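Novice: Each chain, written out:
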Amino acid sequence: MNGKILWRVGWTFFLVLAWLAVHSTTHASNQDNHLLYLKNLSIAQLSSLEVTSVSKTEEKMSDADAAIYVITQEDIRRSGLTSIPELLRMVPGLQVAHIDGNKWAISARGFNAWYSDKLLVLMDGRSIYTPLFSGVNWNMQDTFLDDIDRIEVIRGPGATLWGANAVNGVINIITKKAQDTQGGLVKAGGGNLEQGFGGARYGGTIGEKGWYRVYAKYFNRASFKTRSGHDANDDWEMGRCGFRMDFYPSLNNEFTLEGDLFAGQSSSFLAFTPPGRSVPFDEISEDQNGGDIIGSFRHHFSETSDLKIQFYFDRTHRYNPYIKETRNNFDLDIQHSFVAFKRHHLIWGLEYRLTHDNLPRTPVFIFDPKSRTDNLFSGFLQDQISIIDKTLDITLGTKLEHNDYSGFEVQPSFRIRYKPTIHQLFWAAISRAVRTPSRADHDMNFTLQTLNVGPVQNIMLLRGNDDFGSEKLLAYEAGYRFAPGRRYSFDISLFYNVYRDLRTNHIGEPTQIPSLFASPNINIIPLNIVNQYHEDGYGLEISSQIGMTKWWKLSLSYSWLKLLLHTSKQVNDIELKEDNIPRNQFSIRSYMDLPANIQFDAMLFHVDTLNGLDVPGYTRLDMRLGWNPIKNLSLSLKLQNLLDNRHPEFGSIGALRASEVPRSFYGKLTWQF
Amino acid sequence: MAILGKLHGFLRQKGISELKEGVLIPLVIILGLSPLLALASFKPVEIKAAYLYNLANFVHWPETTMQDGDFVMEVLGNPELARNLALLTKGEKLEGRNIIVRSINSVEEIHDCQILFVDSSREQEVSARLLEKLAQKHTLIVGNSRGFLQKGAMVGLVLTGKRIIIAINTRLAERVGISFSSKLLKVAHKY
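Order-wise, the sequence lines are chains A and B.
Under numbering that gives the first Met the number 0, the first residue of the first sequence carries the number 0, and numbering increases by one thereafter.
Under numbering that gives the first Met the number 0, the first residue of the second sequence carries the number 0, and numbering increases by one thereafter.
Excised from the complex, chain A in its bound form:
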């Protein structure tokens, strides 16, 4: 390279940096330039501009009478995390732990397990909480992360609005409207754990009053490590595509249609020898696929009256040597909110859900009946009454629903909100919520263990019980929020939860089945699922956002949790045991905007020891470096788990072997047009 070219390249680079530095500081404040620019736009161009205002997110977080936390698109982008469950680590007080490379235990306020049954999760109003085992198959959930608008997490019961199973919390994953994802976005990357991922989205218009987007994505994740450092055989790959269309035929009407299709494969290590087999299962591979379609219609009667009708259909198929599940869900939901007599903000809703499954017998699971159709009918009414305008209000409401397992369920709540000044808010609530029985709680025959003693083969059989009822919660909560200005906010919530009739299993009378042909005789030892334990849970969650400077933002959180099981007996149920949850958790997140369009972000998470699962406490440090060399292009480098080679986050559950999260890195390139 000769000197001339070097000069030129050097100068160009320098000028670019200088221009970016100058422009990034003066841009926002230069109102006259803004107006000058706007003056030359046509009306059509004006109607396509985005406005900056107090976002719904900020409004929600500062005004809610519940322990709410919102993960924004900015948080998602700057975390560099690549899956929905991992993103949930950012929520104060949530327990998020990798079990293996593609399974998570995620819960709020305790009761964490492979299937955490007290946390309800919805994506654009579609429930992704499986009625088979009560919980979320996290390894089947994903979307195009850049198109998520926000993830709203409410800790504490949300059953009055959301229905059964929103016991300890409810998570709403909300994607952007199609008009907010116009144009193209292509991304690709890879690293040691993220072996390769890529995706593309394109959004355009349909006529003058419609917008659409389509996306496709794929990822391939490598295995974690076992405790001894070997490959854990728990890799995971998944492909997914989908679309969303939003129409505004007139000012008062909105139509949305969206859908997804996915297929994936995940592996795990489940060491088990089912009866009648001499070779044990160990490395098993699961095929997953499915799809969903959601249609919704919203009508504005007036500024204060809104009607929403939504339907969805969802099909999932999961196939491994243990479970072969096909499930179809159909749901219709109507909600109407309006203001009556000035002081009353009323919301009522009706919902019907049908779920149909097919569960062929496997050597491990036998469901009786094999196929089942269940109906859920529910309705709710909530009234928010303003006592002193914009200062004090109370909210009363209840849900009434009927399901095919436990019959009628009533889930009322009472909330009070007091805003002495515009910067402060106190809230308190008493609510009841239930976790309704799952299909497995009633109908499963699960071979837990086989043991040959002489000529007799003993089979431990975990059996569903048609008399198993709901697990109940009565929750007392209170919180305080303080936000003087936009640069600092502080939030604390306290709770005392009283749980009744929690699930466990009782050993029943063994039955002998004499073998007709040859030994061994079979001895079945049943473990029947029953409602038994009572438990209390209490704790606090604190979070704070601090805008240190214009270019540096900090987000802090701390949570403390204690569970108190009312029994003197030895309890084996993983989710009930107090020493299986972290007593203390804290996190620090830092977002820095450096000159020359460079971002440096770091996250530190600390999780206490899980004594019952033999998992030592760990501190995890992640870092991300992002750079936008030109407007449409961004490059980023992400390092995860910098502080150790690998660590476990959860223990093995029965035959499912937990594995350890290794240190990892990946690079990513994103191009927008």
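Don't read these hints as lab results, they were simulated from the structure.
Model, not experiment: these values are computed from the prediction.
What the simulated footprint calls covered on chain B by chain A, stretch by stretch (three residues with Cβ under 8 Å from a Cβ of chain A suffice, anywhere in the stretch; the number is not a length):
| id | region |
| --- | --- |
| 1 | 43-53 |
| 2 | 77-89 |
| 3 | 144-153 |
| 4 | 161-174 |
In this text, a Cβ means the ideal position worked out from N, Cα and C, and glycines have one as well.
With the hints as your guide, set chain B onto chain A.
Specialist: Chain B only, in chain A's frame:
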């Protein structure tokens, strides 16, 4: 300053032709990009002001109202919007007439004007009867909400998602002889 010193040295050393290729061309490219960056995002008041500024060119009032005198726009309950609008219309004329922007704070202050903008916080105070009275005087009434359009406003600058769209109640406007250009009608939502 160090930059200028360096530039000075560079000029002397390389001569002006070098400057054209080495500095000016990248400079032009970079500056050319700057409108793209301006697309980032705007305050609602800025966009609304630009709409109001544009509106005057696409609305036809009956001859009787378009007599001599100033073209008056009144903004009720939003001084910041009025300020932005005043900045936009500074030194501009509409069909030879001066454009006057008035910021007012109560319903009593409403005078004869061609365009009246009512901020959403003040829509309650403007009764349907007053709207009808203003309409008869051929005032183009602009609001922010669907409710206000229903009540009797002719144009709505309504926040929908992250954008502000324009909605027009053509029936109401045409009744009192106010018409809109086809260009505007093509973009606007009919109501």
